[in-house]
Amino acid sequence: MMILGIYPALASIGLVITVFAVIWKSPFFNFVGILLFIYGLLKSVALIMPPLPGQVMVMYMAMSVFSLIVYFSIEDKTFKAFLEPMRAVIADDDKKVLRVILVFVALPLFAGYLTYTKVTPTYEPPVSGRIIHPEPPSQIEFKGNTMNVIGLENPLRKDAANLAKNIEDGKKIYYRNCFYCHGDDLDGRGHLAQAYNPVPLPFRGTDTIAQLPESFVFWRVAKGWRGLPAGAGPWNSAMPSFEDFLSEDEIWKVILFIYEATGNKPRA
Amino acid sequence: MIRYISAIFIVLLMLLYGFCEDAKANAGDNPQGKKIYDSWCSQCHGFKGDGDSYTKDLSLPRPRDFSFGVFKFRSTPSGDPPTDADMTRVIRNGNPGTSMPPWVRFTDAEVKSIVTYVKLFAPDTFSMEAKPIAIGTPPKASADIIARGKELFKTAKCVECHGNAGRGNGEKGWQEKFKTDWGYPITPANYTQPWDLRNGSGIEDIYRTISVGIGGTPMTSYMDSLTDDKRWALAHYIKSLQLTRKPGVAVRVKKVEALPSSTDDPAWEKLEYLDLPMGGQLMFEPRNFTPVITNARVRGVYTDKEIAVMVEWSDKRPNKGGDNKPPDGVRIQLPSNDKEGSERPYFYMGSRKAPVELWQWQASDENGAMQLTAKGYDAVSPVGTRGLSAAGTYNDGLYRVIFKRAVSTGNEGDALFQAGRFAPFSVTLFDGQNGEEGNKGAISAWYFMMPEPPTPMRVYVFPPILSLCTLAAGIALHRRLRKKR
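Chain order of the listed sequences is A and B.
Note that this note's numbering has the first sequence beginning at 1, numbered continuously upward.
Note that this note's numbering has the second sequence beginning at 269, numbered continuously upward.
Keep in mind that the hints were calculated from the coordinates and are not lab data.
Some hints here could point you the wrong way.
Said to hold, decoys possible - Part of the chain A face toward chain B, derived, beta carbon under 7 Å:
| no. | residue |
| --- | --- |
| 1 | Y39 |
| 2 | R176 |
| 3 | D184 |
| 4 | L192 |
| 5 | A195 |
What the hints assert, rightly or not - Cβ pair distances, simulated, as ranges:
| no. | chain 1 | residue 1 | chain 2 | residue 2 | range |
| --- | --- | --- | --- | --- | --- |
| 6 | B | F374 | A | I3 | 48 to 54 Å |
| 7 | A | L15 | B | F730 | 37 to 43 Å |
| 8 | A | T206 | B | F374 | 56 to 62 Å |
| 9 | B | A535 | A | F66 | 49 to 55 Å |
| 10 | B | P722 | A | T206 | 49 to 55 Å |
| 11 | B | N635 | A | R226 | 46 to 52 Å |
| 12 | A | G129 | B | E574 | 32 to 38 Å |
| 13 | B | S508 | A | L83 | 46 to 52 Å |
| 14 | B | F730 | A | T206 | 51 to 57 Å |
| 15 | B | P586 | A | M61 | 46 to 52 Å |
| 16 | A | T117 | B | D352 | 53 to 59 Å |
Note that this is a predicted model, so its numbers are computed, not measured.
C-beta atoms are modelled at their ideal positions from N, C-alpha and C, and glycine is treated no differently.
Starting from the given sequences, assemble the full structure and let the hints guide the process.
This is how it looks when you write it as structure tokens:
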């Protein structure tokens, strides 16, 4: 936040330079001021939303430079005035100090630095894309029996008389099997969660289980990492195959609980 | 007649009053507190607040039994109940290193209602007035105050439990009688791992803990035995011991002329390291719901011939494999047959299709190494040392284990190290005191180590050339323009 604060200041400085440049009729400083203003403004965006990616910044700035040069070069007279300060620094005898600083020291150093960043090898660890919501299979093997995932419904939802009891049973199952990772508050911030990658999903909020039918959740709980397709990176997942630890009935109960506790409804 | 009626009226009124009092004790006037408690606290603390709950045998430390009437985290003198602010702080911040999370979702009014409800479980305790101690402004940290704190750490006998380096490995911590008032064994805090400090890791938190102690535990109050400025000095010293974790996905392994000679070689300190948060192995039986090792620090170096990787972790009590406890130990896991485009093995013990190799060291054999191959958690077999060597030391609560191997073994299928290539690895740690062995350990996700290639020549050549060219161009332009003018 502290560092971000300099960008609005930069934009303001750019604006001030522009105003003075217009008064003193200097197209070059007008150009510099507007560019500084645009740069500061684009960077300030980060104060209210995620910062613009580097490539987008480069594109916007290149476009700005290009259109401003076109603008200042339409008239011969303006273009001459635009180039004048640069010519003066390079050639005039009374600009010797400025010339040494800018043209003979700063510019060569900057060129060297740019080259350095280009030729220094960078090593980035491999990034593998991961499908967050993989397609469920149409059928799964559950404890040796074949189950149809498509059209699978939670049988306990129909049992209205025992719903409260089943939810409480589900709560017990959740806190004996799931809360280490998915969290006491079902927010994905369990006390062991940070050890695993990908991090455990939260159930609270509207973008995980609220988007899924219960059949999908059953498949994920029952098969865990083993059931993930290759595109979803099964080798990284710490999600156990709960068919090893829980019965079919228990899995349905814990699914009842995670929807109930988060106030979410399964997608039909 | 009037007298009779008044008498009956008064009796009725008293009955009604008594009924109301009763209802109060059952949270009749705090339905919100009871509702939230039953929904979001009972799973660990029990519906009756006695800690008899779903998670009682699956959490370490165990969930607090409120009905016992002793409260650990207070700002009040020893023996007094905690203030409402103390209880609010625990609910809001949680207890780091335990299964008590920070409850941020509730409103202040809701937290207040929970506090009011929890107090009903220990009416006797809370019948006393809770008067917090004054926590003034902490003095500024300085080398001087830290040095004074370090001296006090010895003279006030903190070392006896917390150990020379503050890692919670002091001798006294392992005596039979080192238990809580609830009757459970407890271990002294490890100051170097702030993410595990139950009572908070800020300077005020440490000062408060030293001043009033932790209720029901061997950590007593130092209010009377140490003056205020001494307690602040001690707090600053303890704070100075805290490590900063360096998280990431990869660690660079630097090329050197010669490998460090031992675990205490100062050369290790200069190397880049990576901190791996550790969790329990939860995928296969026996599952480890209560791991106690929470961090592994990994770094490495290599020469033309050999690579050395060091793993470092805190352990409050070393186990060499005696007293019916398994030995402490470490395994580094690396993929076998790791070729371009091949499938990454499962992050814990690989799979039938994608096997892994394990570099193992156990405290029972300080200079022994063992290699194993695994094709899944249930298919692990030792294969001898295969050119791997290891050396481990335990000092002041810290294990440091170095594995050494040839960079290139020449054996088909051995884990591969090449300059510039990211080699996947994961770590498993075992704390014998916690009964950890086999598949019951603390595990990490996959990370990478990358033997860093020497800097290529072009980095030293091209930038100066470009600088000189720009300078030449500038001079040429200057001459031409000046003539023109």
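Okay, the hints, checked on the actual structure:
1. Y39: Violated: closest Cβ of chain B sits about 23 Å from Y39/A, beyond 7 Å.
2. R176: With a closest approach of 6 Å, the R176/A hint holds.
3. D184: holds, 5 Å
4. L192: Hint on L192/A: holds, closest Cβ of chain B at ~4 Å, below 7 Å.
5. A195: holds, 3 Å
6. F374/B / I3/A: 48 to 54 Å: violated, 34 Å
7. L15/A / F730/B: 37 to 43 Å: Hint holds: Cβ distance 38 Å, inside 37 to 43 Å.
8. T206/A / F374/B: 56 to 62 Å: At 20 Å between Cβs, range violated.
9. A535/B / F66/A: 49 to 55 Å: Taking Cβ atoms as reference, A535/B and F66/A lie about 53 Å apart, which means the hint holds.
10. P722/B / T206/A: 49 to 55 Å: holds, 51 Å
11. N635/B / R226/A: 46 to 52 Å: Violated: the Cβ-Cβ distance is about 39 Å, outside 46 to 52 Å.
12. G129/A / E574/B: 32 to 38 Å: holds, 36 Å
13. S508/B / L83/A: 46 to 52 Å: violated, 60 Å
14. F730/B / T206/A: 51 to 57 Å: For F730/B and T206/A the Cβ distance comes to about 52 Å; the hint holds.
15. P586/B / M61/A: 46 to 52 Å: For P586/B and M61/A the Cβ distance comes to about 59 Å; the hint is violated.
16. T117/A / D352/B: 53 to 59 Å: holds, 56 Å
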